[in-house]
Amino acid sequence: MNPENYLFLSALLFTVGACGVLLRRNVIVLFMCVELMLNAANLALVTFSRMHGNLDGQIMAFFVMVVAAAEVVVGLAIIVMVFRSRHSASVDDASLMKL
Amino acid sequence: MESLIALLIAAPLLGAALLLVGGRRLDRVGHWLGTLLAAVSFVLAVVLFFDLLGREAEDRTLSQHLFSWVPVADFQADVAFQLDQLSMTFVLLITGVGTLIHLYSVGYMEHDERRRRFFGYLNLFLAAMLLLVLADNYLLLYVGWEGVGLASYLLIGFWQHKPSAATAAKKAFVVNRVGDVGLSIAIFLMFTTFGSFAFDTVLPNATGTSEATLTGIGLMLLLAACGKSAQVPLQSWLGDAMEGPTSVSALIHAATMVTAGVYLVTRSADVFNAAPNAQTVVITVGAVTLLFGAIVGCAKDDIKKALAGSTMSQIGYMMLAAGLGPLGYAFAIMHLVTHGFFKAGLFLGAGSVMHGMNDEVDMRRYGGLRKHMPITFATFGLAYLAIIGFPYLSGFFSKDEIIYAGFSKGGGQGWLLGGVMLLGAALTAYYMTRIMLLTFFGEKRWQPDANGHEPHPHESPLSMTVPMMVLAVGSVAAGFLFNLGSSFEHWLEPVTGIAHGDSPVSHGMVSIAATGVMVIGVAGAWFQYGRRPVPVVAPTGNLLTRAARRDLLQDDFNHAVLVQPGNYLTRGLVYVDHKGVDGVVNGTAAAFGGLSGRLRRVQNGFARSYAVSMFGGVVLLVAATLLMRAV
Chain F
92 MNPENYLFLS ALLFTVGACG VLLRRNVIVL FMCVELMLNA ANLALVTFSR
142 MHGNLDGQIM AFFVMVVAAA EVVVGLAIIV MVFRSRHSAS VDDASLMKL
Chain G
2 MESLIALLIA APLLGAALLL VGGRRLDRVG HWLGTLLAAV SFVLAVVLFF
52 DLLGREAEDR TLSQHLFSWV PVADFQADVA FQLDQLSMTF VLLITGVGTL
102 IHLYSVGYME HDERRRRFFG YLNLFLAAML LLVLADNYLL LYVGWEGVGL
152 ASYLLIGFWQ HKPSAATAAK KAFVVNRVGD VGLSIAIFLM FTTFGSFAFD
202 TVLPNATGTS EATLTGIGLM LLLAACGKSA QVPLQSWLGD AMEGPTSVSA
252 LIHAATMVTA GVYLVTRSAD VFNAAPNAQT VVITVGAVTL LFGAIVGCAK
302 DDIKKALAGS TMSQIGYMML AAGLGPLGYA FAIMHLVTHG FFKAGLFLGA
352 GSVMHGMNDE VDMRRYGGLR KHMPITFATF GLAYLAIIGF PYLSGFFSKD
402 EIIYAGFSKG GGQGWLLGGV MLLGAALTAY YMTRIMLLTF FGEKRWQPDA
452 NGHEPHPHES PLSMTVPMMV LAVGSVAAGF LFNLGSSFEH WLEPVTGIAH
502 GDSPVSHGMV SIAATGVMVI GVAGAWFQYG RRPVPVVAPT GNLLTRAARR
552 DLLQDDFNHA VLVQPGNYLT RGLVYVDHKG VDGVVNGTAA AFGGLSGRLR
602 RVQNGFARSY AVSMFGGVVL LVAATLLMRA V
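Chains as they are written, first to last, in our numbering: chain F, 92 to 190; chain G, 2 to 632.
Because the hints were derived from the structure by calculation, they are not lab data. Each hint should be verified, as a subset may be incorrect.
Per label pair, the in silico range of CB-to-CB distance [to be verified]: (1) F/Leu-100 / G/Asn-587: 56 to 62 angstroms; (2) F/Ile-119 / G/Ser-614: 21 to 27 angstroms; (3) F/Val-158 / G/Arg-602: 34 to 40 angstroms; (4) G/Arg-602 / F/Leu-100: 26 to 32 angstroms; (5) F/Leu-146 / G/Gln-604: 41 to 47 angstroms.
Listing some non-contacts, in silico: residues in chain G with all C-beta distances to chain F over 12 angstroms [to be verified]: (6) Gly-531; (7) Tyr-569; (8) Ala-608.
Note that the Cβ used here is the ideal one computed from N, Cα and C, for glycine as well.
All chains should be built: construct the whole structure from the sequences, respecting the hints.
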């Protein structure tokens with residue numbers, strides 16, 4: 092099977108994730124979309140690793156997974172705290188950057 | 002002796018300073034102080050006059066260098082005075098008539114609570130005029146020139162509570178300013194041409210200079226003279242200037258102010274002699290003004306305005322004579338002096354009449370006053386006979402000499418000038434007789450004024466009648482004395498030069514003709530105003546009469562030709578300013594304001610929209626990278 096198809100899948104997943112981040116308000120969905128983009132990137136890295144016949148991309152993918160795991164921990168904690176204080180999972184409700 | 006010259010000016014200047022700065026504590030003595038200082042100046046003038054008389058004709062020039070005013074490299078402006086025969090004549094006239102007018106004002110302004118200030122201004126007027134005629138360079142003359150303008154402004158608008166007086170003062174000032182521009186340009190031209198503006202540099206060098214330059218200087222000097230001497234086309238301020246107290250009118254018309262223009266032209270004789278074209282313009286201006294003023298004088302019912310028209314006309318005679326060059330300079334000055342006597346007498350007489358008539362100025366409401374004011378009648382009558390040129394009174398000599406000089410110009414021009422001046426003489430006799438008949442003869446025509454006060458005409462106090470008597474004596478005798486052995490001509494000859502043209506008519510014939518037209522003028526006025534009762538309300542009159550009552554449409558002309566276009570111009574400029582200049586500035590500001598208002602919305606505080614811009618940026622970067630690759 093042509094490895095380029097994985098790249099197309101990766102691009103598709105990334106686009107879905109990006110659109111989700113940009114368009115949705117629910118913070119949990121947003122978070123999942125971020126994960127989707129990270130994994131799309133991982134898929135692309137692994138595909139390139141396969142296409143080039145070396146392991147650099149795969150190693151990089153492991154790093155990304157580790158960072159993503161750490162991010163999930165911190166991010167979920169923040170989400171829980173925000174939800175507790177505001178009783179809402181909408182990002183717009185928590186917008187404090189412009190008074 | 003030289004050191005006395007500065008004192009001539011210093012005395013009235015000191016008076017002006019004391020009276021204007023001294024405040025109320027001088028209220029009780031201020032008028033006498035002002036009169037005294039004017040008299041001191043007159044006494045000094047007489048002393049200097051006898052000193053000059055005691056010298057040889059060539060040595061009759063005194064000069065005094067007071068201090069260096071602006072010494073900068075080649076530019077040397079000195080405060081220095083020069084007293085020669087011409088200046089001396091003016092100084093005697095200014096201080097002599099000026100002192101009499103001061104004395105008269107003591108009585109005339111008796112009930113005015115600002116009398117002290119009035120005398121301060123009068124003294125300032127004298128000082129400025131003396132500075133004008135005594136300066137030995139054009140720049141210092143200009144200082145006096147402006148001082149005269151200022152003093153006339155203050156005095157014409159002395160009754161500033163009357164809007165008409167305030168407007169008249171402003172008008173006089175503005176019109177004079179037009180003339181002053183001419184004088185400044187003339188001084189600039191002199192400085193670039195001669196490198197100096199002292200009389201003793203400019204005048205002797207005039208003959209060797211290009212005629213075009215001299216014509217330019219001459220025309221600019223004439224413009225200046227027109228402004229001060231109320232000649233066409235800058236004559237419009239003179240009639241309105243009658244809003245001032247009558248003694249001011251006498252001072253302006255007889256001793257100061259309007260004589261300044263004639264002085265300027267005569268003083269600059271060398272410039273004009275070498276610029277025949279400029280002389281022609283001077284003659285034209287004089288001839289036009291002499292008829293203009295006479296026609297206006299014939300139609301006015303306001304006694305002071307009729308006399309103002311007369312002044313304009315008489316100054317026209319002087320201007321014309323000055324334009325004739327050495328043929329006429331001496332006679333221009335001679336007429337100026339005799340005119341100073343009789344016109345001051347006429348104005349003071351008019352003031353005396355108004356004083357007795359509750360300040361009524363309409364001659365149609367006078368009538369029969371000779372019984373009530375015998376002294377005023379007698380002095381006014383003598384001045385009247387002098388101005389119309391009654392044989393052997395002063396106007397007869399000076400005016401005939403000017404008419405004769407006009408004929409001496411020779412050729413068709415001579416006949417034209419002589420004819421115009423004879424016509425002017427007839428008109429003079431007509432309007433003066435009209436004033437005389439309306440005021441002193443006929444039935445009484447006065448009525449109670451708006452407040453129900455009927456005027457009780459009475460003779461004025463001595464302080465007013467004595468100056469009138471002195472002036473009447475001057476009006477009678479001056480011409481005869483001046484003409485005795487042509488003494489006046491010979492007195493002025495070293496300054497103005499003297500020439501005799503070949504006149505097609507003899508001196509005697511001119512005198513007979515002038516007397517003839519005078520009789521015609523008097524008879525004309527008698528037929529119209531003496532034979533039958535005069536209506537109190539002026540009849541409508543024909544087109545010329547109505548135009549003359551409106552000063553021959555001078556104000557309408559100025560309004561249509563100068564004021565209206567000026568208004569349109571300013572309105573246009575204001576429009577351009579508002580729509581154009583302001584539009585660009587405001588438009589730029591509005592554009593930036595609008596743009597920033599739109600840009601501001603990008604910063605909406607939502608993290609997602611910032612993410613969009615980041616995303617867009619990344620897409621652009623990637624696209625650009627790919628594009629670069631592809632190329």
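Next on the checklist: Does the beta carbon distance between G/Arg-602 and F/Leu-100 stay inside 26 to 32 angstroms, or does it fall outside?
Outcome noted: This hint is violated: roughly 37 angstroms between Cβ atoms.
Next on the checklist: Confirm or reject: G/Gly-531 is not an interface residue toward chain F, with every Cβ-Cβ distance exceeding 12 angstroms.
Outcome noted: Holds, because the least Cβ-Cβ distance between G/Gly-531 and chain F comes to about 98 angstroms, which exceeds 12 angstroms.
Checklist entry - Regarding F/Val-158 and G/Arg-602, is the given constraint of 34 to 40 angstroms on their beta-carbon distance met? => result Holds: the Cβ-Cβ distance is about 35 angstroms, inside 34 to 40 angstroms.
Item to check | Outcome for the supplied range 21 to 27 angstroms, where the beta carbon pair is F/Ile-119 and G/Ser-614 | outcome: Given a distance of about 24 angstroms, which is inside 21 to 27 angstroms, the answer is holds.
Checklist entry - Per the hint of 41 to 47 angstroms, is the separation of the Cβ atoms of F/Leu-146 and G/Gln-604 within bounds? => result 45 angstroms, holds
Checklist entry - Is the nearest Cβ of chain F still more than 12 angstroms from the Cβ of G/Ala-608? => result Per Cβ check, G/Ala-608 is inside 12 angstroms of chain F; nearest 7 angstroms; violated.
Item to check | G/Tyr-569 and chain F, when compared Cβ to Cβ, separated by more than 12 angstroms | outcome: Consistent with the label, G/Tyr-569 stays out of reach of chain F, its closest Cβ about 55 angstroms off (over 12 angstroms).
Item to check | F/Leu-100 versus G/Asn-587 beta-carbon gap, inside 56 to 62 angstroms or not | outcome: With a Cβ separation near 58 angstroms, F/Leu-100 and G/Asn-587 satisfy 56 to 62 angstroms, so the hint holds.
Hints 4 and 8 from the list above are not met by this structure, while the remaining hints are.
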